[in-house]
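Chains A and B supply the protein sequences, listed in that same order.
So the first sequence is numbered by the working numbering: it starts at 108 and just counts up by one.
So the second sequence is numbered by the working numbering: it starts at 108 and just counts up by one.
Each hint should be verified, as a subset may be incorrect.
List of simulated lysine to any residue pairs, SDA-like, C-alpha gap at most 25 angstroms [as the list claims (entries may be wrong)]:
#1 Lys-152/A - Ala-228/A
#2 Lys-161/A - Val-245/B
#3 Lys-152/B - Lys-161/A
#4 Lys-152/B - Glu-252/B
#5 Lys-161/A - Glu-252/B
#6 Lys-152/B - Ile-300/A
#7 Lys-152/B - Glu-238/A
#8 Lys-161/B - Arg-210/A
#9 Lys-152/A - Met-250/B
#10 Lys-161/A - Leu-148/A
#11 Lys-161/B - Ala-231/B
#12 Lys-161/B - Glu-241/A
#13 Lys-161/A - Leu-111/A
#14 Lys-152/A - Arg-210/B
#15 Lys-152/B - Leu-309/B
#16 Lys-161/A - Ala-147/A
#17 Lys-152/B - Pro-313/B
Here are the in silico distance ranges between beta carbons for each label pair [as the list claims (entries may be wrong)]:
#18 Asp-295/B - Pro-304/A: 46 to 56 angstroms
#19 Met-236/B - Tyr-224/A: 43 to 53 angstroms
#20 Ala-292/A - Pro-304/B: 40 to 50 angstroms
#21 Ser-130/B - Met-303/A: 41 to 51 angstroms
#22 Glu-237/A - Ala-146/B: 14 to 24 angstroms
#23 Val-245/B - Tyr-224/A: 14 to 24 angstroms
#24 Asn-294/A - Met-303/B: 41 to 51 angstroms
#25 Gly-144/A - Ser-187/B: 30 to 40 angstroms
#26 Pro-168/A - Thr-137/B: 39 to 49 angstroms
#27 Ser-130/B - Gly-305/A: 38 to 48 angstroms
#28 Ala-140/B - Leu-195/A: 46 to 56 angstroms
#29 Leu-195/B - Leu-195/A: 17 to 27 angstroms
In case anyone wonders, no lab produced these hints; they're calculated from the structure.
Heads up, the beta-carbon is just placed ideally off N, CA and C, and yes, glycines get one too.
There are 2 protein chains.
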Amino acid sequence: MSGLRLYSMPSSGNSYKVRLLLSFLGLEYTHIACENGSAALAEAKASGNAPMGKLPALHLPDGNILSESNAILCYLAQGSGWLPENSLQQAQMLAWMFFEQNRHEPVIAVRASLRTYPERAHLATPARMEELLESGHVVLALMEEHLSSNEWFAGTQASVADIALYAYTHTAGSRGGYDMARFPALNDWLPRIAAMPGYVPLEAVP
Amino acid sequence: MSGLRLYSMPSSGNSYKVRLLLSFLGLEYTHIACENGSAALAEAKASGNAPMGKLPALHLPDGNILSESNAILCYLAQGSGWLPENSLQQAQMLAWMFFEQNRHEPVIAVRASLRTYPERAHLATPARMEELLESGHVVLALMEEHLSSNEWFAGTQASVADIALYAYTHTAGSRGGYDMARFPALNDWLPRIAAMPGYVPLEAVP
Chain A
108 MSGLRLYSMP
118 SSGNSYKVRL
128 LLSFLGLEYT
138 HIACENGSAA
148 LAEAKASGNA
158 PMGKLPALHL
168 PDGNILSESN
178 AILCYLAQGS
188 GWLPENSLQQ
198 AQMLAWMFFE
208 QNRHEPVIAV
218 RASLRTYPER
228 AHLATPARME
238 ELLESGHVVL
248 ALMEEHLSSN
258 EWFAGTQASV
268 ADIALYAYTH
278 TAGSRGGYDM
288 ARFPALNDWL
298 PRIAAMPGYV
308 PLEAVP
Chain B
108 MSGLRLYSMP
118 SSGNSYKVRL
128 LLSFLGLEYT
138 HIACENGSAA
148 LAEAKASGNA
158 PMGKLPALHL
168 PDGNILSESN
178 AILCYLAQGS
188 GWLPENSLQQ
198 AQMLAWMFFE
208 QNRHEPVIAV
218 RASLRTYPER
228 AHLATPARME
238 ELLESGHVVL
248 ALMEEHLSSN
258 EWFAGTQASV
268 ADIALYAYTH
278 TAGSRGGYDM
288 ARFPALNDWL
298 PRIAAMPGYV
308 PLEAVP
């Protein structure tokens, strides 16, 4: 696994997922930071180092490039405890990861980005922000319900589904403006991730 | 695999994905049709047979229930040619499936549903329909670019990524109103799926 190069955006949750797993796994890699609005980001897109203009992009030693954060997580997790061995639990893990990309990220990450990046502020109309607030609370309540009777999202230990969901949930209050006090099981789960050996924090928005 | 029961919505693309793979695999199953607006759908949601209110829901013989169409596809495809053996190709397959749930379904399926289901028509404002049209053409162009130099989305034969993307793409013109004449490689790929043994069509909106 040596020779890995990661193009990622330091302040982005999707990019953070991959850096977090690489750190948990103790894997060495070269990080090419492409922060929002930077020349490095423009160059990564123009050069094809970020295929389809998307970050994160993991460059493998053989020259292949993987995109889509959750697909990269599944690839890197192979052979580790971050991927359940049981096929039923793997399907449940994937279900939460598709949920994350279809229902969580388009609402919670989007609301956070509208509050965070000045160039997006004009899109943050009161009606849209209210709609994203309500639908985000529904999404968080579905996670809360699961965590009320399960320690992790799939299987008997933390999997890449937990990493995928952690990325934009742990800043849903601070960046997204969601009322996290409603979700006690979520508030127990978040620090369980942060206490794991190798944890690294998300970088601030510059 | 006997004893499978599938709760699905006959006219829905997400549900169709699973019926299509079950048919390609030649697997027997009991189908509980829960069409939009039906009493069967209301009962499936109320009884917990459609967890989180979502269809499709695959009930396994041991009582476990799988949700999220793309996770169900990955589960059912195990041991078949619909899942590439190579881990790199599997990651590329998953990348297209996350793309489908994050960028394709929320645009192309949503525009189709706004044109198809009368109870959603009030949400189909001209501005929204135009925005969904433009962003859908961008999504289709990304698929077109890939298919211009690849026969399938991942690996050397059709995988569940092709099924996931087929579901809402093959009706993007008829239901969604997208200009499919722009995408010749897509128009070559769609009939390759439809020509495969075991193919079944999507059911019409009632």
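What hints, given by number in increasing order, does this structure fail?
-> Going through the list in order, the structure violates hints 3, 4, 6, 19, 22, 25 and 28 and respects the others.
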